[in-house]
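Peer 1: Letter by letter, the chains look like this.
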Amino acid sequence: MYLAIGLTFVLGYLCIALEHPLRINKAATALVTGVLVWIMLMLGQHELLGAAEAAHGHEGVVESLMHHLGDIASILFFLMGAMTIVELVDAHEGFRVITDRITGTNKVTLMWVLSIITFFLSAALDNMTTAIVMCALLRKLIKDKNDLWTFAGMVIVAANAGGAWSPIGDVTTIMLWIGGQVTTGNIIAKLIVPSLVCLLLPLVWFTFTFKGTIQRPDAAAEENAGHKAVSTGKRNLVFALGLFALLGVPLFKTWTHLPPYMGILLGLGILWIVTELMHMNAIETDKGHLSVTAVLRRIDVPSVLFFLGILTAVSGLQEAGHLTDAAHLLDAKLGSIYAVNTVIGLLSAVVDNVPLVAAAMGMYPMEQFHADHPFWELLAYCAGTGGSILIIGSAAGVATMGILGIDFLWYLRRMAFPAALGYFGGIIAFWLLWHGA
Amino acid sequence: MAVVFVIGYLAIALEHPLRINKAASAILTGAIVWTILMLGKDTIFHDAEHADHEGLLHHLLEHLGDIGSILFFLMGAMTIVELVDVHEGFRVITDRISSTKRTTLLWIVSIITFFLSAALDNLTTTIVMCALLRKLIKDKETLWVFAGMVIIAANAGGAWSPIGDVTTIMLWVKGQVTTVNIIVKLIVPSLVCLLLPLLWIGRTMKGNVERPDSVIDHGHHGGGNVTPGERMLVFALGVGALLFVPIFKAITHLPPFMGVMLGLGVLWVVTEVIHMRHGLDQRGHLMVTAVLRRIDMPSVLFFLGILVAVGGLQVAGHLTLLAQGLDRALGDIFLINGAIGALSAIVDNVPLVAAAQGMYPMSQFPPDHLFWELLALCAGTGGSMLIIGSAAGVAAMGIMHIDFIWYLKRMTIPAALGYVGGILTFWLMWH
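From first to last, the protein sequence lines stand for chains X and S. According to our numbering, the first sequence holds residues 1 to 437 in order. According to our numbering, the second sequence holds residues 1 to 431 in order.
Check the hints yourself; a few may be wrong.
Derived DEER-like restraints, expressed as beta-carbon distance ranges [said to hold, decoys possible]:
1) S:V3 - X:Y2: 49 to 57 Å
2) S:H253 - X:H328: 27 to 35 Å
3) S:V92 - X:G60: 40 to 48 Å
4) S:L321 - X:L7: 51 to 59 Å
5) S:V180 - X:A332: 49 to 57 Å
6) X:H58 - S:W427: 29 to 37 Å
Hints were generated in silico from the structure; no laboratory data involved. Ideal Cβ placement from N, Cα and C applies to all residues, glycine included.
Kindly generate the complete structure, drawing on both the sequences and the hints.
Peer 2: Right, dumping it as structure tokens:
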């Protein structure tokens with residue numbers, strides 16, 4: 001049964017990685033894999049679990065499943081809440097506060113400006129949302145497809161680098177932060193320099209290979225289509241409240257000790273009521289697309305279900321003992337935490353980084369690496385930025401691929417090298433800064 | 001804390017006059033209740049064991065696990081139903097309805113709803129039936145009466161099936177009722193609860209219904225692309241997946257949401273394979289990714305908020321106090337549940353059942369005790385008395401624009417008749 005579970009997981013994993021050639025949505029595969037792993041765990045419980053645990057029978061297995069579900073649900077509800085807030089701000093055109101300030105047309109200047117905005121934006125918001133917002137913006141700024149794709153590639157690299165050093169910037173960092181492996185002040189102080197290096201090396205690379213000016217799309221008029229309804233005051237209010245709700249989460253956690261999703265729910269509730277009050281006088285059809293109910297329809301539920309499936313599957317592997325065994329193997333073969341984390345980061349380009357970090361969290365107990373140990377910070381960095389090397393390696397990449405229709409092979413030829421340069425540069429920077437600590 | 005809860009509750013009940021979505025009030029209430037609990041823990045708890053962060057956070061995590069299992073079940077089940085709906089799978093049912101005589105049609109629609117809502121959830125059944133009714137009936141007054149009966153039938157049908165209703169699912173997921181037992185004990189009272197209003201309304205309804213003019217409308221949402229074979233396959237798989245959940249639980253002992261996830265995963269793969277041959281332009285709206293956009297996320301967030309808030313009250317000890325109060329004041333389980341059911345017409349039944357679950361420990365009422373079955377019946381059917389009393393009612397109100405006052409004048413008496421009749425039947429059969 002031990003082997004069967006491992007095999008199911010690997011098969012499921014292959015289907016997820018080969019989502020596009022197979023044309024089967026990875027969420028479907030993830031859900032089925034998650035359930036199958038637990039069915040096998042249930043059937044083979046006497047063989048897999050120690051005598052003491054097996055003595056509890058079904059009850060014990062179900063109880064550990066429910067415990068994992070609590071953890072999983074707290075991650076998913078946080079994501080859902082955060083995504084809703086961002087979409088709400090987006091629907092109110094709140095992000096124009098940023099986009100209206102961009103006027104240059106020189107390629108290199110624009111790329112620096114956009115990359116740095118993305119870097120800091122993705123530290124506050126999640127990577128995927130940042131990438132989505134930036135892509136929507138890029139389409140309004142750039143006409144030529146090749147230029148557009150290159151800019152989008154830099155957005156992916158910048159979003160992943162920016163997400164790594166902020167506790168709320170990235171799914172995997174959120175996981176580590178909610179799990180208590182990293183703390184707010186510490187991760188920012190330790191990772192901001194390596195993350196910046198990871199962004200700057202590819203940027204410098206493009207500064208020397210990328211020349212000329214960009215051409216804006218003809219129809220600048222479409223920029224204003226359909227959103228005359230929102231006044232500037234309302235737009236700024238929603239933008240400020242949304243940003244405050246997202247940035248208030250770490251403060252809320254420090255103050256009340258409640259998990260982050262509670263802070264997000266509080267913020268979403270307030271924002272929801274404020275927007276409903278704001279639109280109360282308007283006619284239903286006029287403001288329909290601005291209400292939270294409409295915005296909720298834009299949330300990426302397949303991603304939520306994908307995470308649900310994959311996290312359930314990984315928790316099953318954790319219960320069955322696969323992860324402890326893998327930890328021992330990786331430990332014995334590589335030894336150094338730098339080597340271990342580099343391998344995890346490279347793997348995260350091939351497969352999704354969420355299950356890898358979940359696996360690492362399950363693999364290394366907190367007794368071995370205490371909270372704020374360099375191991376966890378390096379893990380946050382590697383898992384966050386390693387995914388930039390391939391387009392399907394990160395959520396930001398997959399989202400961009402969907403929106404702009406970027407080709408897998410084009411990205412491999414054009415972006416993989418600069419992204420890898422940044423990735424290794426960041427690890428070296430981290431080593432130089434903290435290996436003595 | 002109790003004050004916050006009551007204010008939140010009022011805002012939820014007064015959703016429409018206030019024009020603030022109840023999901024917003026619910027999540028805000030949930031977050032504030034826990035914030036107060038966390039900040040005021042020293043004044044709420046007197047023993048050192050409770051008064052630390054770690055202990056409270058552990059309680060919260062446990063509640064969230066339970067809440068997650070309910071919400072993911074609902075999300076999965078709703079997705080499967082929507083998927084069958086976009087494939088026009090429900091035409092297997094609607095094509096069989098050809099009568100135009102009012103009384104006959106009313107009986108047919110009610111009985112179909114009753115059994116459909118036992119297999120699917122009330123909300124979805126009501127949405128499907130309302131969509132269908134609009135294609136069958138032209139006159140507004142008749143349409144509303146039919147919709148009213150659909151609400152009653154959906155609630156009655158949901159009460160006796162373990163997967164038919166949110167509250168019954170909650171009781172079933174937590175192990176207070178078991179599959180076979182709840183069906184055996186509640187099917188007759190539920191039927192009475194349906195039949196009494198049906199007789200009452202049937203008496204006053206005469207003549208034939210007039211169908212809407214455009215019959216072409218029937219297949220308007222892209223159904224032309226789906227072949228009958230594909231439609232049958234999706235319908236069979238979807239209904240199979242939903243009906244399979246209790247069986248899955250019996251075999252593997254895993255919680256129901258795992259069964260629904262498996263069903264959804266399989267259905268997802270099958271539909272993607274079916275549509276692979278066709279371009280995204282033709283079949284885009286049939287894909288699960290498109291269907292997921294039709295899921296009612298505000299309801300999911302509403303349940304999340306309200307369940308988190310009730311969890312907070314439970315940990316703080318309010319519910320135990322209320323249980324003792326209700327126990328002392330009423331004593332009899334029939335009276336207590338009658339009161340809970342009547343309350344559930346005014347406020348939502350989910351938090352009431354959650355409160356009752358938190359109030360009465362399993363050591364007091366063991367699994368399959370009469371109390372839990374009566375609770376399922378009362379909380380499930382009591383909500384029919386007002387249009388905002390049940391999820392099915394709220395959905396029907398949204399789709400058909402039924403007036404609150406109209407429903408009160410026209411449907412409340414028959415619904416109350418059925419409710420009391422159902423409780424009496426249960427008492428006669430099992431006391």
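Peer 1: Give me the numbers of the hints this structure contradicts, sorted from smallest to largest.
Peer 2: none
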